[in-house]
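Asks: Residue strings, one per chain:
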Amino acid sequence: MRITKRAATVALLTAATVVLAGCSTSASTSDTAADCAPADGKVDLTFTSWIPGIENVVDVWNEANPDIQVAVQTGPNGNGGTYANFFNQLEAGNAPDLGQIEYDALPNFRVQDGLVNLASCDGVMDAQANFVDWTWGQVSFNEDDAVYAIPQDSGPMAMFYRADLFAANNIAIPTTWAEFATAAEQVRATGAYITNFSQSDINQFAGLVWQAGGTWFGNDGSDWSVDLTDDTSIKVADYWQDLIDRDLVSTQPPWTTEWDNAYNTGAAWTWNSAAWGANSIASGAPDTAGNWAVAPSPQWDAGDAASGNWGGSSTAVFTGSKHPYEAAKFALWLNSSSESLTMLNESANLYPAAKSGLDLPVLKEGVEFYGNQAIYDVFATASSQVSADFVWGPTMTQTYNDVSDGFKAAVSGKGTLAEALVTGETATIDALKAQSIPVKE
Amino acid sequence: MSPITESPAPARSAKRTAAASSTPTGPKESPLSRISAMTVMLVFTLYFLVPIWWLFVAGTKSSSQFTSTNPLWFADFNLIQNITNLVAYRDGVFLKWMLNSALYAGAGALLATLFAGMTGYALAKYRFPGRELLFNIVLGGVLVPATALALPLFLIFSQVSLTNTFWAVFLPSLVSPFGVYLTRIFAAASVPDELIEAARLDGAGEVRTFFTVSVRLMFPALVTVFLFQFVAIWNNFFLPLIMLRDEALFPVTLGLYAWNSQVNQIPELRGYVLIGALLSIIPLIVLFLLLQRFWRSGLGAGSVK
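Here the protein sequences come in this chain order: A and B.
In terms of this note's numbering, the first sequence opens at residue 1 and continues consecutively.
In terms of this note's numbering, the second sequence opens at residue 1 and continues consecutively.
There's no promise every hint is true.
To be clear about the criterion: a stretch of chain A counts as covered by chain B if any three or more of its residues have a C-beta under 8 Å from a C-beta of chain B, and this derived list gives those stretches [to be verified]:
no. : segment
1   : 47-53
2   : 69-83
3   : 136-147
4   : 174-181
5   : 284-297
Simulated from the structure, these hints should not be mistaken for lab results.
All residues carry an ideal CB built from backbone N, CA and C; glycine is no exception.
Chain B with its partners taken away, still in its complex shape:
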């Protein structure tokens, strides 16, 4: 028994040393394929991380050193100074944009998740005429890019004088066809009909059943929808670009874009755009780390059943 179980371990370590001298041995786990897999992963990791690293390094430099020093390594560390300058520029308009983004994305994603969850749940658990038609229309909605809807939305909002208001960006964010799709699949798989029956027998109304029983079971899916929607709203750029003209309403993406387009006139703005971009991705990173646990299980849950 013991020689058999122990034998793979030395073999493996032998393979590892063998790999260094590039003589592949056993057919089971070819170091070549292992190395190539690792290489591919490493390349992609670098591909994704280098721009963020560059952004971080650039954000710590003073404007005079920005062009004259190695773009991927630090010069004098001016991060705090840069952030202070950015926040002070134009009476802190950058902070206002960050707050706007947080409001659009936070409140928008929360309500969108609620609506999508309720719709998906209803589509999964109630039988009513036109259910499939409705679901197919929602599925079609997944295919329509948000960009294509921006201009028609602008014309519609113009009719009711809502352009250039908070609502012009907020209301369209509340719709998430993908969320409806995901929550429907998830509710069908994870909310047993028997449990709903039981709740009804205990005298709970439909709304109460949804909020006290079903929501808990659907939680991973709801977190996933929230995260997706939050990122989508945070990164949404075209809709605010078309709708908004008042600087005080801008989300951070549009604000930074506007600054970046003025770099030819005011070259100092380049530094502010860089440090602003760095700060603007922090909320997304934090949110991902906090919700990672939930949304991972959420993505996997629907797939096996």
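So that you can see chain A by itself, here it is in the shape it has in the complex:
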């Protein structure tokens, strides 16, 4: 009895192994379909995205393109589980044809060979001129003859501020970070805080470093370099550490009720955030409608005109897709046609990465919540001032977690922001080595 049972187990295991092996070979052969030629006949594509309302946009495409039908799949946002799913699906050989990927996650997929290089697809290289330069750098990794995704939206940063409170208290709107610190003291004297330093939004901090001209990662084609602790990053960290130490900024966790409430009650006066943040303030602080305005980000040196970026995503084609040609065609339409960009802006406040998108009529209007200021003009200018040199690393989720832990500790008085960056850098280098990704030290 025992022997037959063992035999049965062995047989089962063998069968499973054979099935697994069989499938993994079929998955790897389909990789070669990346020469990007149009298919004969009708093509069905699958597209995973977590943008609310994107199915309406895709309906418009499906209506106009009976030969290239796209089915939308959805899930939580990227770091909320969809990226993990993408990796599982790539492993299992059933990834969708197209997927939404934020810029900071693209290098991870690139390192794992999950993305199709679309450079040989019709019209992709010609589209470069149509996208804001730095967004194109994000999807090409500044490699020659390479495009791993089509830029979708972006988050150029500027400063939201309470125009009424600054005016009533006779405080000048800061245009440099030095003025910002002075204004912070004046605002604190009224009992409020000039802004909230988001202890867990490493993305926001990265945007500030980006603006200051820092870069955290580099890739020379073979090796990665990690530099979270260059002079620029430390300068930015020390600046905010000083404001925290002097109790000139509040340190509430972002996107919480308390955080909303601080803005709603006038306890916080400014927010250095991205274009898509306009809606966060409007819905989180409804009682302050009409009192807000937007100014360019404060600069490190008077007269400079630099901006950072916070967020933004792209549409990538996964290895294993049998129809990269049609997929690229759809991705280009999705991210550069004014029809699609208008719909995406209305349903999910996406701020386009396409140059033509920055001039959409809907982005030229005055916004009631911001005293009818045409706030997106400020962001359009900011978008042109974002450096194209900033590169994300291949293990950003881990980097965010490690730096975020350090930031939370620093905010509660243990250690400093700069120390958090040092810890984050060491942990990131370890993580890269652990995944056998070559690192230059």
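Following the hints, position chain B against chain A.
Replies: Leaving out everything else, chain B in the frame of chain A:
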């Protein structure tokens, strides 16, 4: 006789008044320990009920009052309006998710209970080679968290192209090692061999004996297994997260999680997540109240023998 029996009552009431002035008297039932026990219970009750109270209160507020009013007390009562908005949002996709959850959890728990009951009964009442080995393997299964199985299940289901289908979430729900364990213990204790013998003598087949005689005796255990499994499937989140990509197949937990992860982009969603979470716990509460009677006796039954 009467002075002896009556004496404790006044003593007790005296103690109660004494407790107010904090002078403990009799050693038998120290008010101090009583008060501390009550305090601990009260704290825990609050600990469990306050979040639900908060959820209920938050669900009745309009989005503008949500951040600006006392989180534990009502502002303008907008519950009905909020529910209407939620149900109308995106063509009622929330109702679809609730139905999906009901189907996954209801049908899944029913079949899982049947299978677990049959297996447990067979393990308890029939002697066959490898019985203990089988039971020990099932016991080992109790120790493996469902989360750890999700990824291997995904890879296996991928091989047979069943990911992103109803079956991807439904089939794994049918397995309940804990149910097998519980029903085996319960069947051994509550289904007498003599009764099975009697049924056989009366000419009933094994299957008929099981369904007409044994199931009735095992009913409290089966209800308990059903309840446990229903709650486990209803709350299961990781498996659907990995398996499903089609919104129309989502259970309510995954749907609300997906919305919650989009709050940064669409802040209105926060209100929908709140009211949705409130509605999504109602079926569980109703089920607990309905089945409470059975499953209480079910939990106790195995323990004394």
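Asks: Each of the hints needs a verdict: does it hold here or not?
Replies: Results of checking the hints against the structure:
no. : hint    : in the structure
1   : 47-53   : holds (count 4)
2   : 69-83   : holds (count 7)
3   : 136-147 : violated (count 0)
4   : 174-181 : violated (count 0)
5   : 284-297 : holds (count 4)
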